[in-house]
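Construct the complete structure from the given sequences, taking the supplied hints into account.
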Amino acid sequence: MAAGIGGRTVSSAFAPIRLWLLLPSWVVIGFFLLIPVLLILVYSFLTKEFRGGVIWDFTLAAYDQFLFDRGLFGDDPPTIQWTYITIFVRSILQAAVATVLCLLIGFPTAWYIATRAARMRSIWLFLVTVPYWVNLLIRTVSMKFLIRENGPLNEFLLALGIIDSPLEIINTDIAVQLGLFYSYLPFMVLPIYAAVERYNFALSEAGADLYAGRWTIMREIVLPVVKPGIIAGCILVFVPSLGAFLAPDLLGGAKNFMIGSLIEEQFKGQAGNWPFGAASSMILLSMVLVVLFFYARGQAREQV
Amino acid sequence: MRGFDPRNYTGFLTVTLVCLFILYAPLIVVAVYSFNDSVSITRFTGVSLRWYADVFTGLEAAKFRAAAANSFSIAIMAAMAATAIATAAAVGMVRGGNFRGKPASFALISMPIMVPEIVTAVATLIFFSTIGFALGYLSILVAHIVFCIPFAYLPIAARLQGIEASFEEAAQDLYANRWRAFRYVLAPIMAPGIFSGFLLAFIISLDDFIITNFVKGAGVETLPTAIFGAVKQGIKPNIMALSTLLLLFSILIVTLSYLIGRSGNEKYQN
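Sequence order for the protein chains is A and B.
Positions 1 to 304 (the numbering used here) are the ones given, in order, by the first sequence.
Positions 1 to 270 (the numbering used here) are the ones given, in order, by the second sequence.
No lab work stands behind these hints: they were computed from the structure.
All C-beta atoms in this analysis are idealised placements derived from N, C-alpha and C, irrespective of residue type, glycine included.
Treat the hints with caution; some may be incorrect.
Pairs of lysine-lysine residues, derived as DSS-like cross-links and limited to a Cα-Cα distance of at most 27 Å, are as follows [claimed, not checked]: (1) K268/A / K63/B; (2) K236/B / K268/A; (3) K216/B / K63/B.
Residues from chain A shown here face chain B by an in silico Cβ test under 7 Å; the list is partial [as the list claims (entries may be wrong)]: (4) S11; (5) I138; (6) S142; (7) L158; (8) I162; (9) S281.
Set out below in structure tokens:
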């Protein structure tokens, strides 16, 4: 039985019927997701129908609307339209800050959990993963309840005399930030945990023997080794934060629009401009693909 | 450097506790306030179960019941379909030898996780509208099956990767055909992975708001869309009671999954 010994040998007991095993997943995802995503690209070049839907006339109007302001009747000389660019830039910044915050809290947490004895480790890990299984909407609503103007957080701080008037957190960028951080923190902890768990602590000890300080060891030895876990965690937080809808919608209010709300508005809300929503979706998807592309390329390099 | 422990960094425990506090504080606060006797959500006046009674018998009870029936029936069917598809795909990917399209196949299976949810929602809506598929219960079910597949696939494939190939090879040496080798040898060993995959898919389906909101059409609600609609008018105490019930249900499922995932994980590994 050579197959089991090497550990990573490729087993092929089911190779002859491979196609039949894989076909259902290919058909379902290909038909109901791959083709629809390609259809978004087509829709982004169509003409909008009044109040939702499209007319099959090809035009660049959606992308033009995204970039240029041509006045109320569309015949003024075009100037740069900052509204949507601002929303995208804000989304990127919000997602980036959320990623950094998750990393600052998530790394020490993952490290602490991964360095416990096996029994305690699974309990800590369980505690961190439970919130991930709780409905995202419920978590976001709970956050809204906690931080609203006369909510428990403000009541508590007022009662303790730490603040004189309620903190106005709700409907600010900070509230959105808190919501994103809260939504995706477990995504940061889990991959870093997996990387630290595999880390060989003899490396740290070798560093200590050579008179490296604790934080030098962390910076020069540990971080380069666990970097793949950190990068995976950052992507798992950044990508969903970029397209998040619930946190900006429920916690941010009208002034703190992010891409997710902009797109939703085109299909479900007042705007009803499907081609524009499709174009915004394509721009969002392209940004995500760029991130994933660099990630895949980085991984391929590590393996060489 | 005598007594140096490379595992311990000062302050990391504090950060871990802060992390858990941030994760749990909002949930605990809402759970506590769901037992509030008052109509106001601000003042805590006394402990009572009135809002739980309200969820089941109050003015909105019929709406919640219908939403819960939709949510649970869709989650069970979507998770079963996704688990079946994902199990077949995992056997094909992990036990199907090397083949040329393997990375592409993996990319396609994980596509629902890679594409931002809002983009999946847009894609599904315009696809259904283009082919003239009526929005409603069925469109939600189809969309849920699609995005549940990778969530079911990952734990199943992980489990399968940990199982030595010698098991099904031994079965085949003893003249079991491929189906019997799978049914009587591989499937029982894979069972904990398949079950975790099912539970994860089930929870993910129950959890979904964004995609459901796009493809549900008028009149059909699931629990998340019903809760979202209610919260838009302000957080009411009965919503907090309903949320707490869902919260407890999720914790029950994750505990179950944790206990099952732990059982016999080491036995069949190489």
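Violated constraints from the hint list, given by number and in increasing order: 7 and 8
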